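**Student:** Protein chains in written order, with the working numbering: chain E, 20 to 139; chain P, 30 to 1191.
It is worth saying that the hints were derived from the structure and are not from the lab. Keep in mind it's a predicted model, so treat the numbers as computed, not measured. Think of the CB as a built atom: it goes at the ideal place given N, C-alpha and C, for glycine as much as any other residue. There could be a bad hint or two in this list.
Some chain E residues close to chain P (C-beta under 8 Å, calculated; not the full set) [as the list claims (entries may be wrong)]:
#, residue
1, Gly44
2, Arg45
3, His46
4, Thr48
5, Cys50
6, Val54
7, Trp56
8, Arg59
9, Val78
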Amino acid sequence: MGMFSESVDVVCSAAGLPVSLQWAGRHYTVCADPVRWFERRQWWAEESRAPLGTGPGLVDHEIWRVQVRADPLHFDSGHPDRPGKGEVGEETLTLDLSRHLGSGRWRLLRIHDALQPRTA
Amino acid sequence: MTFTHLHVSTAFSAHYGVSWPDELAQVAAADGATALACTDRDGLYGTVKHLKACMVAGIDPIVGVDLAVFDDDGDHRTQIAGRVVVLARGHNSGAGYRALCRLVSDAHARTSGKAGGVVPVAVTRAELASRTLDPKTLKPVLTVLIGPDSDVGRAMGGRRYLRPRTLFKRWLEAMPQGAMVAEVVSQLSAPGSPLSTAHAVRMLKLAEEHQVPAVLTNAVRYCAEDGAATADVLDSARTLKSLPELAAEPMLQPNGQGWLKPSGQMLQLGKEIIGAAGYGAADLKQLMAQTEALADLCRIDPVTDMGWKQPVVPEASVIGISQDPHLELVQRCEAGIGRRFPGVSGAAEKDMRSRLDHELGIIRSLGFSSYFLTVAEVSRMIIDMGVRAAARGSGASSLVNYLIDVSQVNPLQHDLIFERFLSQDRATLPDIDIDVESAERHNVYRRIFDRFGSERVTLMSMQNGYRARGAVRDAGMALGMDDADVGEIAKQLWRFSAGKFREALVEKPELREFAGRVEQRDFAENQQLDLLVDLTERLDRLPRHISMHPCGVILGDATLLDRTPVQPSGLGLPMSQFDKHDMDPMGMLKLDVLGVRMQSAMAFAVREVIRIHPSKAEVVAAGAHPMGPEGTGPDFIADNGHINLNAVPLDDEPTYDLIRSTHTLGCFQIESPGQRELIGKMAPREFNDLIIDISLFRPGPMKSDMVRPFLEHRHGFAPEVYPHPDLKPVLQETHGVTVFHEQILKTFNVMTDCGLARADEFRRALGNEALEPKVEEFFRKEARAKGYSPDVVDQVWGTLKAFGSFGFCKAHGAAFAVPTYQSAWLKAHHPEAFLAGLWEHDPGMYPKRLLVAEARRLGIPILPLDINRSQAEYRVERVTEGPDRGKLGIRLSLKGIYGLSGAELKRIVAGQPYDSLADLRARSRLSKPSIKRLAQLGAFDSLHRESGGVANRADLVQHLQRMQSSGTARKGIEVIEGQLALPLGDVELRNVKPGLPAPTLVDNVRAELDLMAIDASGHLMDSHRPMLDRLGVTTADKLLGLRNGTEVLVAGVRIATQTPPMRGGRRVVFISIDDGTGCIDSVFFHEAQEQAGLLLFGTRLLLIRGTTRRTGPRGISLSATMAWDLSRVETLPFPASRPETTDVPHPLDGISRSLAITGMGG
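The following block holds chain E by itself, in its conformation from the complex (with noise of 0.2 Å):
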């Protein structure tokens, strides 16, 4: 399992579910029901400020576990040079990410080995 931080696009539902994401230049679908749940930060190291009125997000985060796979190349018009990897298409990622509850951003916090077996 790996760790990362890094941005995400993600697209929601009219329900506010995860369908597809963009990361690292590919375009990714979302192929089982996603799992959710509210994780908390260590916000006093985290943050420099906490005053009463800062909303929500300052103590936790929302966290989606995603099943993903990447379309095949052909539907990927962002990038339609980038040559041989359109088997890995078939393979499923389970990831986590993250969205603030402030701001709304997405950010990729773990990639989970696709071969373990998934806890939740």
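With chain E's structure known, arrange chain P on it following the hints.
**Tutor:** Just chain P now, kept in the frame of chain E:
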């Protein structure tokens, strides 16, 4: 759909809940909820506030508690299995609420009531089960919610898969049918962890499997997400661990989702849980419906369930009355007339009778006769105990109170108005406060419990909220900051609310250095300081714990404990979980029995006078009392020398001389720097002047500049002005200035004929934004109708409006003025006994050492500690030798010596006298450090002299030090019972080897300050004298001789620091210092505060430059321009012509233990 939150902690769950009941009720109502629960941890601390908040928000209250349950398998005294929520069912004439109260009291019954007790607040499952059923109907009146924090919920994270089911079944077996539900909570934490959806699903399935209803809650700790960080800090304060430590354990809440989610989100949560359980839409509907069904069952009717605003007083039979209580009251008043008004007749009798009829009529129609009889019973009981007692407060306005001996003030004589105390228009139980000797207060409480029965009496509690210092300490601890660092910051926080910390950083000079550190954001440490400020503000005002209220006793009938839960107080007596704000809503009769140290000090003084002068003739001679027509002295002194202070006439000239001299240190109410200034200006001549003085010295009158015009009129500098001749009788006693509530009432009445009862309602409405305009309209209309000119109406309304809600009730002033006069009388006539009483009971605002200095100033010998003469109390003693021979002195007490235990003290006194150190060791079994400390304080000096030894105190201390460190000395000679020690004299003392230089005065004073917090052998400033002379310092006794506006340097030890509220809102700091010749009061205005900065609050010894301000014939104070720390010699402004010399040793050097030496702290 609406959703009802059934599990909500308010801020009154100390160190747990974050939000106030009214915030929660407002938010719930705004979301469309029709009810809201309050389930504070361990008690009903927020319940009454919750009721009030729900009534304001227009929703139904639900009441319950979040309680720990003992582990049936573990140690029943200490081990907790988990926590459950218990809700009271409503609309059953209080059966549910009653059971809840009793259950909460059960949970506290085994605790000690002291901090750090080992027994937790918890109930056994059996207690819980039995309380759920109403004893009369045997139907369930409580519902128990088994949720995520129960043993069932906690077992879900464990390895034993079947464990939760086993535990759940145990609950089912233990609880009566229908008394239990499963509480399903998901705070959306990480899958499989506590408060996760997975755990919620398991709870839901357990409920399904056993056909127990399940309800959905969110286990709320805060109103909105923003409160989560505050909850983290509270967790840290509760567990005394820093946030990083808690996060590592992990013991913090898993995330920040425990907020009062709106119904839409709760439904969504329900959907997620149902979905994850694999159930369908019907199941979701059922979960939500069951939640609402339980909510409906638990809606509380404040009136029929909890007795909202229905006064309850003890049954007449308890106070020994078999007839109609009102008839009894009438008879007792009649009996009182003979005692209080002997021989009254004519117009005086007519006035008195009509006043009495008037009062009795109102009391009867309000149905408060039993209340008065109850108070009279308590009052009589206290007096029978031989304890000094005095009613205070508006109760002194009542003739009935005077006649039944509750109050000592004659309301007719001082023109006090009954309506200020009680009226037809105000149906709340009035307050009667009784001041008793502080040292006897706990005994009085116990007697009240004995007298009325423990089922009818409980102590009132008070909520202690975070203030700036406590908040910054706990915020610092949460952040894991260094204790000493945080302590340093906390020390600089001076009386402002934690909620204004950041604002204060900008404004207050003493925080300037800290503010600078916060601003340097480059360093990680300073980022932490920024957070520290934010977290401190978050903690502002949040309740920390409850404690015994300093004076409130709740009296009720036999159902009292059905209406309030109780828990042990530190005193051992039960204490209600309700505070003073809850009394009126809950119809509870509260009596304030206030321990007043001054009453103890005066009682002590009276006893000392008898001890030293055991006959009337001796007392009369010693106190220079008038001989009277028969030449035998006044009636208030009994033959055995006992002085009846309450009978002392209020016109004693030497007493007023003393008051006018402003040497009033130690006198009740008039010893503060501000009061000494005021009496200096006012020069009181009679008792009414004291009433006015006390009433003027209040924040309101001081702030609104009422004092200056009053004094100008009084001294005839300016003519008295009355807005209209009709008001002259009302305002004459205060020279046209409105000072008393009573005058406001009369003004309203004179100008509008509204009657005094309505006038008091009007007075209460002043300053209230909503009500005041109506009062104004009425006043203007009616006054105009009575023919007052528009000018007069305008002017009088201006006064009334400015008066607002402040000003003072004259009855309070009159009640206060009595002990003020009595203490001044004692100081004038029996100063030695009075000062001994003050030292013993320490009643005032100053460090005790200042009152020792006052004795020195009065020429009263301070007799040193002596192992054979000092007792466990200060004692007045006739000096038998030396230059003071024949004078009365005060012998220092053995009590209050650092490190000397109470048991050691008792043994010393029991064994006196001692003929040798060996004798002392053998019979008092003192520890070696205690013996050494006594030696340092000179307690063996006379024994030493008598032994004929040639060594000095330093040699003796060294000898004892050696014995202590070598540890070889025998513990003491074994004494066989009945055998007398041989009278050999003290061989040990005689043989102490001389050689060391004798300790200097500075050494001795330092030891006294360090070990007793007083400087007895000499004033602690004495050693500074040479340096002060070089600086050109003026002493306090010389100030009065200087012209107004003279620039001077003064120096002394700080005795008081005050920041009273001021006109215009700008802070003014008053610092008083004592230099051995008297007190110097200095005032620091804004500029001077800027100059002095950190010195303002952090320095014990001060050098102050300022200009003199003459305040009256005998009063002078200083307007400061600059201050220095006297202990930092290099910074002092020595005259250029006289080079600075090296520092001299000072008694305070190296002492950091006792802040009580100086006027810092608090």
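**Student:** Now, for every hint given, state plainly whether the structure supports it.
**Tutor:** To see whether the hints hold, each was checked on the structure:
{"no.": "1", "hint": "Gly44", "result": "violated (30 Å)"}
{"no.": "2", "hint": "Arg45", "result": "violated (27 Å)"}
{"no.": "3", "hint": "His46", "result": "violated (27 Å)"}
{"no.": "4", "hint": "Thr48", "result": "violated (22 Å)"}
{"no.": "5", "hint": "Cys50", "result": "violated (19 Å)"}
{"no.": "6", "hint": "Val54", "result": "holds (6 Å)"}
{"no.": "7", "hint": "Trp56", "result": "holds (5 Å)"}
{"no.": "8", "hint": "Arg59", "result": "holds (5 Å)"}
{"no.": "9", "hint": "Val78", "result": "holds (3 Å)"}
Violation of the numbered hints given earlier is confined to hints 1, 2, 3, 4 and 5; the remaining hints are satisfied by the structure.
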